[in-house]
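Asker: Use the sequences and the hints to build the structure in full.
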Amino acid sequence: MRTRIRGVVGVVTAVSLAIGLAACGVSGASGESGGSGRTLTIGLLLPGYGGTTRWEQFDKPLIEQKIKDLCADCTVEYADARLNAATQGQQTEAMIAKGVDVLILASVHAEAIRSSIRDAHAADIPVVAYDHLAEGPISAYVSFDPHDIGELQGRALLEALGDRARDSQIVMMNGDPINPESDAFKQGALSVLEGEVEIAKAYDTPGWEISTANQNMKNAISTLGADSIDGVYAANDWLASGVISALKAARIDPLPPVTGQDALVSAIQRIVTGEQYMTVYKSYTNQAAAAAEMALALGRGESLDPIANDRVDNATTKDIPAVVLPAVAVTRDNIEDTVVKDGLYTIDQICTPRIKAACDEAGLTS
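Under my numbering, think of the first position of the sequence shown as 209, with each following residue one higher.
Treat the hints with care, since some could be wrong.
[Stated by the list, open to error] The calculated lysine to aspartate or glutamate pairs, modelled on DMTMM-like cross-linking and capped at a C-alpha distance of 25 Å, are:
#1 268 with 319
#2 274 with 309
#3 268 with 327
#4 526 with 510
#5 549 with 568
#6 409 with 327
#7 276 with 550
#8 564 with 541
#9 549 with 527
#10 526 with 391
#11 306 with 288
#12 306 with 332
#13 564 with 510
#14 456 with 569
#15 409 with 438
#16 526 with 288
[What the hints assert, rightly or not] Derived CB-CB ranges, DEER-like:
#17 511 with 283: 21 to 29 Å
#18 306 with 474: 21 to 29 Å
#19 482 with 410: 22 to 30 Å
#20 375 with 527: 43 to 51 Å
#21 281 with 561: 38 to 46 Å
#22 302 with 551: 30 to 38 Å
#23 306 with 551: 33 to 41 Å
#24 461 with 283: 32 to 40 Å
#25 375 with 519: 41 to 49 Å
#26 541 with 249: 19 to 27 Å
#27 541 with 280: 19 to 27 Å
#28 281 with 461: 53 to 61 Å
#29 461 with 307: 56 to 64 Å
I should point out that these hints are in silico values taken from the structure, not numbers from a laboratory. Just so it is clear, CB atoms sit at the ideal spot from N, CA and C, and this is done for glycine as well.
Answerer: Laid out in structure tokens, this is it:
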């Protein structure tokens with residue numbers, strides 16, 4: 209499965225983020241709601257990772273709003289799989305039976321959903337793979353390059369370790385092994401870290417469960433010793449929170465640098481206070497907009513060429529039209545120039561009274 213589009217994703221500046229979808233070829237190709245004169249029903253299938261809020265907080269409302277902006281009469285049918293691949297398959301089949309015009313699908317399990325995507329294809333229902341590159345005859349894909357995200361995390365961790373990296377040992381807290389992007393995150397990080405640091409322990413985290421990451425980190429501390437862990441690669445911010453809780457419970461001070469991903473407000477706050485070193489910001493607004501644009505174009509039988517400048521392959525289909533968006537590493541030094549400048553959060557949302565002193569020290573003022 210080729211998910212990497214070289215030269216598209218990497219470390220980008222806040223200026224690049226501000227340019228947004230215009231730089232990625234997404235420019236309103238689907239037109240106004242009148243467009244082709246046809247209203248559509250769009251099925252939106254999200255994985256709903258247990259205990260996390262990203263999908264409900266960002267993706268769902270952003271996709272629904274963009275569809276409404278582009279097509280006032282179009283409707284969205286929504287289903288949340290709660291991280292259950294079988295449930296998502298049933299939800300997909302139900303939407304096919306309802307006769308939706310197009311599906312936007314963030315898969316729980318790339319391979320398990322293949323047969324349902326084939327059923328959608330047989331029913332002439334195009335599928336936009338969202339965030340995760342599902343298998344089967346998908347018609348379009350929008351996401352961020354997972355390998356390059358891992359590279360961003362690995363480089364940031366090396367930067368945090370500095371000159372002592374060669375003498376350091378780290379723990380890797382990888383994601384859910386059934387998630388289609390988890391291995392790419394890990395391989396991207398390893399491409400930077402291997403040979404530069406000692407990877408003393410590595411764990412997978414089924415379900416992206418914070419409690420599992422917490423227990424695995426406790427096990428690593430018990431095995432390696434509280435003073436022997438120089439850094440932690442955590443695949444995302446939820447895992448980082450479990451890792452950091454374990455480190456604090458072991459009274460490790462100062463905390464070693466810990467990576468993350470998704471730019472959750474809780475992670476940004478931990479970065480401000482020095483508990484987490486970095487996260488990866490992915491513009492949910494741009495991702496949702498691209499998905500909505502492609503879904504409407506496919507539903508109306510329009511070309512994706514004005515929208516999708518990239519191509520990817522999955523295990524079954526070659527040259528899938530794709531929008532591969534840039535991601536950016538966020539540290540304490542560039543919070544204002546990334547997630548604040550891009551409108552993800554305000555300073556007031558980040559700098560609650562609990563961390564006001566740390567915000568003042570970091571120069572974050574509203």
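Asker: None of the hints should be skipped; say for each whether it holds.
Answerer: To see whether the hints hold, each was checked on the structure:
no.: 1; hint: 268 with 319; result: holds, 23 Å
no.: 2; hint: 274 with 309; result: holds, 17 Å
no.: 3; hint: 268 with 327; result: holds, 24 Å
no.: 4; hint: 526 with 510; result: holds, 20 Å
no.: 5; hint: 549 with 568; result: holds, 18 Å
no.: 6; hint: 409 with 327; result: violated, 42 Å
no.: 7; hint: 276 with 550; result: holds, 22 Å
no.: 8; hint: 564 with 541; result: holds, 16 Å
no.: 9; hint: 549 with 527; result: violated, 34 Å
no.: 10; hint: 526 with 391; result: holds, 20 Å
no.: 11; hint: 306 with 288; result: holds, 17 Å
no.: 12; hint: 306 with 332; result: holds, 13 Å
no.: 13; hint: 564 with 510; result: violated, 50 Å
no.: 14; hint: 456 with 569; result: holds, 22 Å
no.: 15; hint: 409 with 438; result: holds, 12 Å
no.: 16; hint: 526 with 288; result: violated, 28 Å
no.: 17; hint: 511 with 283: 21 to 29 Å; result: holds, 24 Å
no.: 18; hint: 306 with 474: 21 to 29 Å; result: violated, 37 Å
no.: 19; hint: 482 with 410: 22 to 30 Å; result: holds, 25 Å
no.: 20; hint: 375 with 527: 43 to 51 Å; result: holds, 46 Å
no.: 21; hint: 281 with 561: 38 to 46 Å; result: holds, 45 Å
no.: 22; hint: 302 with 551: 30 to 38 Å; result: holds, 35 Å
no.: 23; hint: 306 with 551: 33 to 41 Å; result: holds, 35 Å
no.: 24; hint: 461 with 283: 32 to 40 Å; result: violated, 54 Å
no.: 25; hint: 375 with 519: 41 to 49 Å; result: holds, 43 Å
no.: 26; hint: 541 with 249: 19 to 27 Å; result: violated, 46 Å
no.: 27; hint: 541 with 280: 19 to 27 Å; result: violated, 42 Å
no.: 28; hint: 281 with 461: 53 to 61 Å; result: holds, 58 Å
no.: 29; hint: 461 with 307: 56 to 64 Å; result: holds, 59 Å
Figure legend: structure checked against the earlier numbered hints; hints not met, in rising order: 6, 9, 13, 16, 18, 24, 26 and 27.
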